[in-house]
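Here's the letter readout for the chains.
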Amino acid sequence: MNSFGDLRELYQEVIFDHNRKPRNFHALEEATHRADGHNPLCGDQLTVYARVVNDVVEDVSFIGHGCAISTASASLMTEAVKGMPVAEVEVLFKDMHAMLTESHPDRDLGKLEVLSGVREFPARVKCATLAWHTLHNAITQAREIAKTE
Amino acid sequence: MNAIAQGTDMTIEMAARVADFPILGRPVHGRRLVYLDNGATTQKPQAVIDAEARFYSESNANIHRGVHWLSQHSTDLYDQGRERVRQLLNAAQVEEIVFTRGTTEAINLVAASWGRANLNEGDEILLSGMEHHSNIVPWQFVAQQTGAVIKVVPVTDDGELDMGAFSQLLNERTRFVGMCHVSNALGTVNPVEEIVRQAHAVGAVVLLDGAQAVAHQRVDVQALGCDFYVFSGHKLYGPTGIGALYGRRELLDAMPPWQGGGDMIHTVSFERSTYAPTPQKFEAGTPNIAGVVGLKAAIAYVQEVGLEAIAAHEDALLQYATEQLAGIPGLRFIGQARQRAAIASFVMEGIHPHDLGTILDMEGVAIRAGHHCTMPLMTRFGLPGTARASFALYNTREDVDALVAGLHKARRVFGLEERSA
Numbered sequence: 001m002n003s004f005g006d007l008r009e010l011y012q013e014v015i016f017d018h019n020r021k022p023r024n025f026h027a028l029e030e031a032t033h034r035a036d037g038h039n040p041l042c043g044d045q046l047t048v049y050a051r052v053v054n055d056v057v058e059d060v061s062f063i064g065h066g067c068a069i070s071t072a073s074a075s076l077m078t079e080a081v082k083g084m085p086v087a088e089v090e091v092l093f094k095d096m097h098a099m100l101t102e103s104h105p106d107r108d109l110g111k112l113e114v115l116s117g118v119r120e121f122p123a124r125v126k127c128a129t130l131a132w133h134t135l136h137n138a139i140t141q142a143r144e145i146a147k148t149e
Numbered sequence: 001m002n003a004i005a006q007g008t009d010m011t012i013e014m015a016a017r018v019a020d021f022p023i024l025g026r027p028v029h030g031r032r033l034v035y036l037d038n039g040a041t042t043q044k045p046q047a048v049i050d051a052e053a054r055f056y057s058e059s060n061a062n063i064h065r066g067v068h069w070l071s072q073h074s075t076d077l078y079d080q081g082r083e084r085v086r087q088l089l090n091a092a093q094v095e096e097i098v099f100t101r102g103t104t105e106a107i108n109l110v111a112a113s114w115g116r117a118n119l120n121e122g123d124e125i126l127l128s129g130m131e132h133h134s135n136i137v138p139w140q141f142v143a144q145q146t147g148a149v150i151k152v153v154p155v156t157d158d159g160e161l162d163m164g165a166f167s168q169l170l171n172e173r174t175r176f177v178g179m180c181h182v183s184n185a186l187g188t189v190n191p192v193e194e195i196v197r198q199a200h201a202v203g204a205v206v207l208l209d210g211a212q213a214v215a216h217q218r219v220d221v222q223a224l225g226c227d228f229y230v231f232s233g234h235k236l237y238g239p240t241g242i243g244a245l246y247g248r249r250e251l252l253d254a255m256p257p258w259q260g261g262g263d264m265i266h267t268v269s270f271e272r273s274t275y276a277p278t279p280q281k282f283e284a285g286t287p288n289i290a291g292v293v294g295l296k297a298a299i300a301y302v303q304e305v306g307l308e309a310i311a312a313h314e315d316a317l318l319q320y321a322t323e324q325l326a327g328i329p330g331l332r333f334i335g336q337a338r339q340r341a342a343i344a345s346f347v348m349e350g351i352h353p354h355d356l357g358t359i360l361d362m363e364g365v366a367i368r369a370g371h372h373c374t375m376p377l378m379t380r381f382g383l384p385g386t387a388r389a390s391f392a393l394y395n396t397r398e399d400v401d402a403l404v405a406g407l408h409k410a411r412r413v414f415g416l417e418e419r420s421a
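The listed protein sequences derive, respectively, from chains A and B. Its first residue numbered 1, the first sequence is counted upward by one per residue in my numbering. Its first residue numbered 1, the second sequence is counted upward by one per residue in my numbering.
Just chain B, same shape as in the assembly (with noise of 0.2 Å):
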């Protein structure tokens, strides 16, 4: 069986799988809700949903507090939606996962907590000029109380990372390596294998920011030899509001605390407190058990569909979707790199970004226009913004066929085309 073939059979297999989505059969502006807004975050399927109400009609206590029968039990379904973020990224052990509110909030504690810790004043942090605010904003932080300083890995015109000036920039004094595994504006896979290989030889330390990939391809934090992992539970179909860090076990117990208070302590008086074990260390206060539970839900969910058939499904649309787009004269695809998943950015001759996300809404059809959290890249491509199409398991050709229809209105609507075309 030849690859398109096999593509068009998972299409059919995940088509199946919209009715797992109670919010894809509402319409919006009376029309079929067409969701390409995925990179944003994505829809829930009913099971995760379910979950979370579940745990609140009959397992809500607090966690690690508890004589009472409930209290335990909340603590077990808690470190059992620990377990299943381990099996996901396949770490070694489970003391290696942190619970954060998100990607956003894992960044900040790796940079709050490690960066201020390991970080000297000269000593450089390498960034990719692709990443999402979210992994240039900390490090800013840090840079200014350190006296670190920040380096950037060019972008080429294809939306590639530039290999060969990320070698030359890692040197002696390069501490600290950050990258997207996934880029959120152009879809982009960076070759965080080559990446964690070069930069461990020069005795740096690597975060790779994994939000546009957990939901797309199987991840192995082992197999990748980062040293931190970090991804947001709501672009993998998950509730908003909890995400998690994976950090190799000798890093997180040699880092400090970063937030203080109950849950992360081991003794405390006036004079000195003593601190739990890692991951607790990192877990200040109530968490949002809820949100474990429901993404607990939401890895079974990945898992049994199947992230190799879901990428398998996502890349036959993609391409699908490439082809489609480029018949639309007038269209340019920012970021056409060889390896791009799951993401179509694209900009259009005579209609802003804006203004294309405003009339294909009005169609049902909803993408994100603007510059995606990523200024400094918009920059580099001469543009405010592009127009993002971004795909989940729950797409189907059909979605593609709606936005390409949108895309021809958007024309019409502007003068640019006659009907009949």
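Excised from the complex, chain A in its bound form (with noise of 0.2 Å):
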């Protein structure tokens, strides 16, 4: 454990990365999907945008404000499901929510695993959830603007 202690579990080095420069960070013209994400407690703020075809999704980004862990999941986010089919994306959300609250999931997420130290800072799950429940908002077309509940 290095002088930052039980920080360096929460800010880990990737996320300063994707928080200084955020990946996919921009509006999507031909975007198909999009949803307003909103964090009432903080004022965090945020849109996902996301390009779907024949149930895949091919392009996703989003634009916004928030904290660093907020930024972060987001662009963490967009890199790990371009691409992705929107069924899969589902499964994710389900596997990334339980990561930030309740319990591990039995597989590896791979470089959202970062993120996996949220879950001992209570006050800050809802920063890591944020862009997740604003994706799933957009692909499942829920018009109501996503909030961290």
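There's no promise every hint is true.
Distance windows between CB atoms, simulated [unchecked claim]: (1) B:P27 x A:E113: 24 to 34 Å; (2) B:V202 x A:Q141: 51 to 61 Å; (3) A:D36 x B:F141: 24 to 34 Å; (4) A:D95 x B:R65: 51 to 61 Å; (5) A:V91 x B:P329: 38 to 48 Å; (6) B:H73 x A:D36: 50 to 60 Å; (7) B:A16 x A:R107: 52 to 62 Å; (8) B:G382 x A:E90: 33 to 43 Å; (9) A:E113 x B:H29: 21 to 31 Å; (10) B:H73 x A:K94: 52 to 62 Å; (11) A:E90 x B:A15: 54 to 64 Å; (12) B:R26 x A:P122: 11 to 21 Å; (13) A:D95 x B:H29: 22 to 32 Å; (14) A:K94 x B:A15: 49 to 59 Å.
The hints are simulated quantities; they were obtained by calculation from the structure and are not laboratory data. The model shown is predicted, which means the values in this text are computed figures rather than measured ones. We put the beta carbon where it would ideally sit given N, CA and C, even for glycine.
Both chains are given apart, each in its own frame, so use the hints to dock them into the complex.
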């Protein structure tokens, strides 16, 4: 454990990298799906865009503003789901939700594992789940703005 | 003795008060708790904790019910609590004090009772751009029900009320003015005497939200001349779930009840009921008796410490905090009003307030990060939120130093600063 102790469990280097340089951070003109997400507790706000063709997420992006955890989670999410069939995205959404809130799923979630430390910081769980709820709403065509409740 | 030396003396005197607050002795994440979230709620001195516990151990019975001794005893304690609040605010009559669950309920009471009875289509409700949601949303309800219109006094870049705009917005249609005495998000102390004077000149009724004021300065509702003044006990070192509304007697007497039930009635039949006089008319149901007893103890505590001494201590601490925080690279204060009370609100370049909150928390430093229930104000400053350190009588320079050290650590965690810096 380094001098930052438990904080490094939460703020891993990958998270800083994605916070500083979020990937797929733009609106998507050819989007077939989009949804807005809002965390009223801290004011985090984002919009997730997806282009779904033949039940595959061909492209995905986001815009908005938030803390390091919410920005990195959104950025990592867009990398993970690009090119993924919608059905798999839904499984990943459930697994991510489990990893962030309850217990780790049976399978390894690859690069997304850097977010697993969030579970130890209950006040920050909603920061990490916001983008995922918003993507879920977008691709399931939910009309309401995603909340982290 | 100059002001700073005097402030230092006050600081030393107040440091001894830390021992009155048992929670300040507990560690958080293995660190000494540095509690700087007093704008959200203050900690409670042992005297308040004991008063509530003693009430349940020795005095508990329902009030206004009783031929039995304990009920009369409990009623006496409740009435003494009302008298204490009257003293705190220097109201002319004890009947002008109505107990509520807190500031929010007190404003809702005024909006539902006075507002619905007195506002009509086209009447104007004048609020400020720095109001807490609790002094916005109840008026939106009333505006929807009555056709009254809400107007908003803008806030300057320094976080002050734009008094020129205030004067211009006031007109013969303005029936109600609702303003915070002290801004919970910025610490701005508003020129409430002038607000009341100008509002009364056009015949408007004025409510002052004192939630952030009563713990930090002496309040005299007669000197202010306001029509309503509201506050919460829990921001005054008292229990949660208890607060009070001050209302001028003529206004309260003319207002209809807002909740019906026991204790607020004179007689009841299925044909018609008659109501109890002010203030019981507004206190339906069994009230928070233990809360009133705790609030009474809290007021006694701050009066014993002295509100002038508390104000001097907090002013010196805010000045010290402002100097120390200003030395942190990338830190920008939000709200630089000439008159401020006990609150430092800021943002840090490259670190979101929520991340600051988490990193400080790991150091045992509790601050508030977010919009502070003032979303319109955050929008006005183009921010999703701020980090807010808010001070109380038990805070010390060491607490400020811990905050500053924690902010430097946050900068190191985010790679914005080297360890040696």
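Index of numbered hints that the structure contradicts, given in increasing order: none
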